Amino acid sequence: MDRAELMAYCLGKPGAWLDQPWDAEVVVKVGNKIFAFLGPESDDRVGLKCAPTRELADEWLHRFPGDAVASSHVGRFGWNSLRLAGAIDDDELREAVDTSYEAVVAKLPRRERPTPPAA
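My numbering numbers the first residue of the sequence shown as 3 and each following residue consecutively.
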């Protein structure tokens, strides 16, 4: 999966929107909370909340050494930086995006949560 495909997948989530809060740093938010750190255009990684705790998020580091690292600053809260062009396949990257999105939406006040599309 390349950066454009990942960004499109993130933006396909209900209520997702693109923001650039710091210089060239691109993030995807739901409500007012970030669920994906895409970094600058040249970055080949995505920062996602992979688990509710650092200990659980470490599973990614064990499964994908070199392709998954604890995110700087927010890593202690279960955020990892995952390489897009490495050993992590597209389905697992999409699953990680889903996990991050769902974790962030769950923390939003009910009135700020996006309404899922009708089936």
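Please keep in mind that the hints were generated in silico from the structure rather than gathered at the bench. You may find that some hints are simply not true.
Restraint-style ranges between C-beta atoms, simulated for each label pair [what the hints assert, rightly or not]: (1) D21 with D100: 18 to 26 Å; (2) L20 with D46: 15 to 23 Å; (3) P118 with S74: 27 to 35 Å; (4) K109 with A87: 16 to 24 Å; (5) R56 with E104: 30 to 38 Å; (6) R113 with P54: 18 to 26 Å.
Remember, predicted model here, so these are calculated numbers, not experimental data. For glycine and all other residues, C-beta sits at the position ideal for the given N, C-alpha and C.
Hints versus structure:
{"no.": "1", "hint": "D21 with D100: 18 to 26 Å", "result": "holds, 20 Å"}
{"no.": "2", "hint": "L20 with D46: 15 to 23 Å", "result": "holds, 18 Å"}
{"no.": "3", "hint": "P118 with S74: 27 to 35 Å", "result": "holds, 32 Å"}
{"no.": "4", "hint": "K109 with A87: 16 to 24 Å", "result": "violated, 30 Å"}
{"no.": "5", "hint": "R56 with E104: 30 to 38 Å", "result": "violated, 19 Å"}
{"no.": "6", "hint": "R113 with P54: 18 to 26 Å", "result": "holds, 23 Å"}
Checked against the numbered hints given earlier, this structure breaks hints 4, 5; the rest are met.
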